[in-house]
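Produce the complete structure using the sequences and hints provided.
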Amino acid sequence: MLSLFGDPTIWLPLAFAGLMGLSILIYVVLDGFDLGIGMLFAWGGEAEQDRMMAAIGPFWDANETWLVLAVGLLLVAFPVAHGIILTALYLPVVLMLIGLILRGVAFEFRAKAEGSTKRNWSRIFIMGSFLTALTQGYMLGVYVMGLEQTPATIAFGLLTAICLVAGYMLVGSTWLIIKTEGDLQSRAIGWAGRALVFAAIGMAAISVASPLVSPRIFEKWFSGPTILLLAPLPIGSAVIFIVLAVFLRNMTPAHDRWCRLPFIAVTGLFALAFTGLAYSFYPYVVPDRLTLFEAASAPDSLLIILIGALFVLPAIVAYSALSYHVFRGKATPLGYD
Amino acid sequence: MDAIILARLQFAANISFHILFPSITIALGWVLLYFKLRHDRLQRVLPGDMRWILAYRFWVKIFALSFAMGVVSGITMSFQFGTNWPGYMQKVGNVAGPLLAYEVLTAFFLEAVFLGIMLFGFKRVPNWVHSLATFLVAFGTTVSAFWILALNSWMQTPAGYELRDGIVYAADWVAIIFNPSFPYRLIHMLLASGLTVSFLVAGVSALRWFWGERSDDLKMGLKTGIYLAAILIPLQIFAGDMHGLNTLEYQPQKVAAMEGNWQTSSHVPLLLFAWPDEETRENHFEIGVPSGASLILRHSPDGVVPGLNDYAGKHPPVKPLFFAFRIMVGLGLLMLAVSWAGSFYLWRRRELPRLLQRVFIGMTFSGWVATLAGWYVTEIGRQPYLVTGILTTADAASDVPAPMIGLSLTLYLIVYASLIVAYIGVITKLARKATKGQKPQADTPTQAGTFAAAE
Chain A
16 MLSLFGDPTI WLPLAFAGLM GLSILIYVVL DGFDLGIGML FAWGGEAEQD RMMAAIGPFW
76 DANETWLVLA VGLLLVAFPV AHGIILTALY LPVVLMLIGL ILRGVAFEFR AKAEGSTKRN
136 WSRIFIMGSF LTALTQGYML GVYVMGLEQT PATIAFGLLT AICLVAGYML VGSTWLIIKT
196 EGDLQSRAIG WAGRALVFAA IGMAAISVAS PLVSPRIFEK WFSGPTILLL APLPIGSAVI
256 FIVLAVFLRN MTPAHDRWCR LPFIAVTGLF ALAFTGLAYS FYPYVVPDRL TLFEAASAPD
316 SLLIILIGAL FVLPAIVAYS ALSYHVFRGK ATPLGYD
Chain B
0 MDAIILARLQ FAANISFHIL FPSITIALGW VLLYFKLRHD RLQRVLPGDM RWILAYRFWV
60 KIFALSFAMG VVSGITMSFQ FGTNWPGYMQ KVGNVAGPLL AYEVLTAFFL EAVFLGIMLF
120 GFKRVPNWVH SLATFLVAFG TTVSAFWILA LNSWMQTPAG YELRDGIVYA ADWVAIIFNP
180 SFPYRLIHML LASGLTVSFL VAGVSALRWF WGERSDDLKM GLKTGIYLAA ILIPLQIFAG
240 DMHGLNTLEY QPQKVAAMEG NWQTSSHVPL LLFAWPDEET RENHFEIGVP SGASLILRHS
300 PDGVVPGLND YAGKHPPVKP LFFAFRIMVG LGLLMLAVSW AGSFYLWRRR ELPRLLQRVF
360 IGMTFSGWVA TLAGWYVTEI GRQPYLVTGI LTTADAASDV PAPMIGLSLT LYLIVYASLI
420 VAYIGVITKL ARKATKGQKP QADTPTQAGT FAAAE
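As you go down the protein sequences, you meet chains A and B in turn. Counting in this note's numbering, the first sequence runs from 16 upward without gaps. Counting in this note's numbering, the second sequence runs from 0 upward without gaps.
Derived by calculation from the structure, the hints in this document are not laboratory data. Take the hints with a grain of salt, since some may be wrong.
[Stated by the list, open to error] Taking beta-carbon pairs under 10 Å as the criterion, some of the chain A residues facing chain B (in silico):
1. Thr-80
2. Val-83
3. Leu-89
4. Ala-92
5. Trp-136
6. Val-212
7. Ile-216
8. Asp-315
9. Ala-330
10. Leu-349
[Stated by the list, open to error] Derived coverage of chain A by chain B (criterion: at least 3 residues anywhere in the stretch with Cβ under 8 Å from a Cβ of chain B; other residues may be distant):
11. 161-173
12. 262-268
13. 331-338
[To be verified] As a list, the in silico DSSO-like pairs of lysine-lysine whose alpha-carbon atoms are at most 30 Å apart:
14. Lys-435(B) to Lys-133(A)
15. Lys-122(B) to Lys-345(A)
16. Lys-222(B) to Lys-428(B)
17. Lys-313(B) to Lys-122(B)
18. Lys-235(A) to Lys-435(B)
19. Lys-222(B) to Lys-432(B)
20. Lys-122(B) to Lys-428(B)
21. Lys-222(B) to Lys-122(B)
22. Lys-435(B) to Lys-218(B)
23. Lys-435(B) to Lys-345(A)
24. Lys-218(B) to Lys-428(B)
25. Lys-222(B) to Lys-133(A)
26. Lys-222(B) to Lys-435(B)
27. Lys-122(B) to Lys-432(B)
28. Lys-218(B) to Lys-318(B)
It should be emphasised that the depicted structure is a prediction, and the values quoted were computed from it without experimental measurement. C-beta: ideal position from N, C-alpha, C; glycine also.
What follows is the structure in C-alpha cells.
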C-alpha cells in the first residue's frame, strides 16, 4: 500500500502539503468572509449589524475549524516546521489568538445583551476581527520574507496586513451581497468595490516583492519557458479584477439574480493568488530553510491520517453543504426556536 | 521566573480555561437531547405542553455560549503545542499527530457544522433532523473527548510504540489508543462532565427557584439536575477509585504524592490533613485514619503502599498533588451528600428547603473546581515527564525568551479572567430574565426589521 504510488517519503508529504494548502485556502475564503463582515460591522448601524450577524451566525464556527485543521495538519505532518514557524511568529500568533477568542465569544455574548452592553460586545467583535485579520496578514508578509524580522520585512508585513484586511473585507462584502437585500446590499456592493482596490494593491505588492526578495523564487518564475505556463495566474487575476470592478460599479439590488457572482469571482481570485504563492515556495515549508520532505513525519503515521482523511473529508464536505443548504437564501433573523 | 516555568504556567492557564467549557458541553449536549426527546414524547400525550422544550431553549443558550468559549480556547491549544513545546511533536509526533488529526476530522467538524442546525435550524428543518443534529453535536463532543483522552492517557501510560534513533514510532494502534489508563480516564472524565453539568443545571435552577420562579420548565430542569447528580456521583466515586488503583499500578510515584506517603510500608494511614515538606521529606501536622490508605489502595491494612523516597528526584512535586487530590475528593463527598439530600426532599416534599437551595446555588460551579483539581493531580503527577519515561518537560520546551512568554501569559490571563466573569454574568442574567417571566425566546414572532442574531 505504502509504495503503491512510488516512494512514500515523496508522495505522502506532497499529499499532505496538498491537503494543508486546500484547508488554508478554504479557511481564507470561509473565515475570510466572516472576519471581513466582522470588520465591516464598524460601518453598520445596529439593525444592520444584527442582519450581518445573521448572515454568518450558523457558519462561523465550522469556518474556523478549517484553521484548526490547517494548523493541525502542519502540526502532525510537518511537526518541525510547525515549531519553527510558530516560534518565529510567536507574538503575532498570540495576538491573533486573542483576536479570535474575542470575536468568537462576542457572537454569543452580543446576542444575549442589550443596550450599551450589546454595543460594547459589537466593539469587541470589531476589534477582534481587525486584530485577527491584521495579524494574519502580517504573518503572511513575514513568511513571504522568509520569517526574518528586520525593519524592512516588518514594513512589508504591515503592508500585507492592510491588504489582507482589504481582502477579507472584499470576500465579506461579496458574501453580504448574497445574504442581504435592499439598502444593506447596496452598501455591501459599495464596500466590495472599495475593498477590491486595496486587495489588488496587496496582491500586486506580494507578487512583485517575493521574487525580488528571494533569488530562488525569481529563478522559478522568470527562467525559461515556465513563464508561459505560469502566465495564466497573473493574467487570470487581472481579468477577474477588472471584470469584478466593472460589475460592482454597475450592480444594484435589482441585479440580485447575479448576487453569487462577486463571491465566486473573489474565491477564484484567492485560489489563483494562493496557487501562485504555493508555486513560489514549493518545495519549502519553511522558506529557503526546510523542505516538505525534510520536515515530514514518518510515512506510517502519515498514511494512517491520510486514510482517515480520505474517508472523513467527503463526509465533512457533504454535511457542510447540507448546512449551507439549510441556511440558504437571504439571511433571516436567527432564533433558538 | 525561568522560561520553562512560564511556558508551563501559560499552557496550564490555557488548558485550564479550555477544559471548563468542554466539561460543560460534553454532558449538556446529551441533557439537551434528553429534553428534546422528552418534549417529543410529551407532545403525543399532551400536545402543546411546552415544559420540556422551554427547558431546552433556556439551556441551549448556555450551551451555545459554552460551546463558543470551548471552540476559541481550543484553537489556542492547537497553536500552543508548537509555540510552547516544539520538542513534543518532534519526539512523539508519530503517535500524537494521528490522534489529534482524528479528533479534528471526526469530531470538530461534526460538532461545528451541526451546531448551526441545532441552534438556528429549529424552524428550517424537520423535527427529526433537528433532533438528529442535537444528537450529532452531543456525539461529536464525546468523540472529541475520546481522542484527546486517548492521547493524554498515552502520555501518562505509553504503550504500543517503539523507539528508533530516539524518535517514537507507532507499532500497534489498538495498544496506543487503549493504553492502560485510557478506559479509566475516559470514564472518569465523562462522569466529571456529567456532574459538572448536573450541578450547573441544579444550581441555576435553584437560583431561579430562590428568586421565586415556579414554572414547569424550571421544575423539569431542577429535577433533571439533582437526580442526575445523585445517580452519577456514586458511579464517579467508584470509577475514581478504580482509576486510582490503575494509577497505583502504572504510576506509583503519583499515588505516593497524592497520599503524601514518604516511606514504602504497610499500615499507611489515610491522611485527612498534613503539610508535606519536600525539604525534610516528611509531613507536618498530620491528621490521619490509621491504615486507611493501605485499606483503600490494597484492600487490606497490611497492604504495602509505595513511598516517595523510592523515587527521590524523579517524583512530582508533592504539595500540589496532595492538596488538589483532597479538594477533588472532598468536593465529591460533598456532592454525594448534597445531591442525595436534594433528591430526598424533591421526592418526598416536592420542594427544596431554603438552606438546600442556597447550597445548590453555591455549588453551581463546583464541578469546575473538582474537574480542575483532578486534572492538576494527574497532569502535575506526570512531572518531571511530559510523556512518562520518554520525554521530560524540560526537553520539550521552546527557546522563546521568558519576557515574551510572560507578556503573552499576562494577556491571556486578563482575557480569560474577564471572560469568566462575563460568562457567569450572562448565565445569571439569563436566569434573572427567565424568572421575570420573560421566557427564553418570546413566542411572539420577531418584529420585522429587527434581526436578533441568537436570541
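How the hints compare with the structure:
About 5 Å separates the beta-carbon of Thr-80(A) from the nearest beta-carbon of chain B, less than 10 Å, and the hint is met. The criterion of a C-beta within 10 Å of any C-beta in chain B is met by Val-83(A), whose closest approach is roughly 5 Å, and the hint holds. The beta carbon of Leu-89(A) comes within 8 Å of a beta carbon in chain B, closer than 10 Å, and the hint placing it at the interface holds. With a cut of 10 Å, the hint placing Ala-92(A) at the interface with chain B holds, because the nearest CB-to-CB distance is about 7 Å.
Interface hint status for Trp-136(A): upheld, as the beta-carbon distance to the closest one in chain B is roughly 9 Å, under 10 Å. Below 10 Å, beta-carbon pairs count as interface contacts, and Val-212(A) has none with chain B, the closest being about 30 Å; its hint is therefore violated. Given the 10 Å rule on beta carbons, the hint for Ile-216(A) is violated: about 29 Å separates it from the nearest Cβ of chain B. About 6 Å separates the beta-carbon of Asp-315(A) from the nearest beta-carbon of chain B, less than 10 Å, and the hint is met.
Hint status for Ala-330(A): holds, given a least beta-carbon distance of 8 Å to chain B, under 10 Å. Interface restraint check for Leu-349(A): the shortest CB-CB distance to chain B comes to about 5 Å, inside 10 Å, so the restraint holds. Given a C-beta distance limit of less than 8 Å, the hint that chain B covers the segment 161-173 of chain A is violated, as 0 residues qualify and 3 are needed. Counting residues of the segment 262-268 of chain A whose CB lies closer than 8 Å to any CB of chain B gives 0, so the stated coverage by that chain is violated, three being the minimum.
Here the segment 331-338 of chain A counts 5 residues with a CB under 8 Å from a CB of chain B, which clears the bar of 3, and the coverage holds. Distance hint between Lys-435(B) and Lys-133(A) is fulfilled; the C-alpha atoms sit about 20 Å from each other, no more than 30 Å. For a cut-off of 30 Å, the pair hint linking Lys-122(B) to Lys-345(A) stands: about 15 Å separates their Cα positions. As the CA atoms of Lys-222(B) and Lys-428(B) are separated by approximately 21 Å, the hinted pair is consistent with the 30 Å bound.
Simply put, Lys-313(B) and Lys-122(B) have alpha-carbon atoms about 59 Å apart, too far for the 30 Å limit, and the pair is violated. With a CA separation close to 69 Å, the supplied pair Lys-235(A) and Lys-435(B) exceeds the 30 Å bound. Using a Cα cut-off of 30 Å, the hinted pair Lys-222(B) and Lys-432(B) holds, with the two alpha carbons roughly 20 Å apart. With a CA separation close to 26 Å, the supplied pair Lys-122(B) and Lys-428(B) stays within the 30 Å bound.
Of the pairs offered as hints, the one joining Lys-222(B) and Lys-122(B) holds, with about 28 Å between alpha carbons and a cut-off of 30 Å not exceeded. Among the hinted pairs, Lys-435(B) with Lys-218(B) is consistent with the structure: their alpha-carbon atoms are about 16 Å apart, no more than 30 Å. Under the criterion of a C-alpha separation no larger than 30 Å, the hint pairing Lys-435(B) with Lys-345(A) is inconsistent with the structure, at around 34 Å. Between the alpha carbons of Lys-218(B) and Lys-428(B) the distance comes to roughly 19 Å, so the proposed pair stays at or under 30 Å and holds.
Taking the CA atoms of Lys-222(B) and Lys-133(A), the gap is near 33 Å; set against the 30 Å cutoff, the hint is violated. Using a Cα cut-off of 30 Å, the hinted pair Lys-222(B) and Lys-435(B) holds, with the two alpha carbons roughly 21 Å apart. Among the hinted pairs, Lys-122(B) with Lys-432(B) is consistent with the structure: their alpha-carbon atoms are about 24 Å apart, no more than 30 Å. Restraint check for Lys-218(B) and Lys-318(B): the C-alpha separation of about 43 Å exceeds 30 Å, so the hint is violated.
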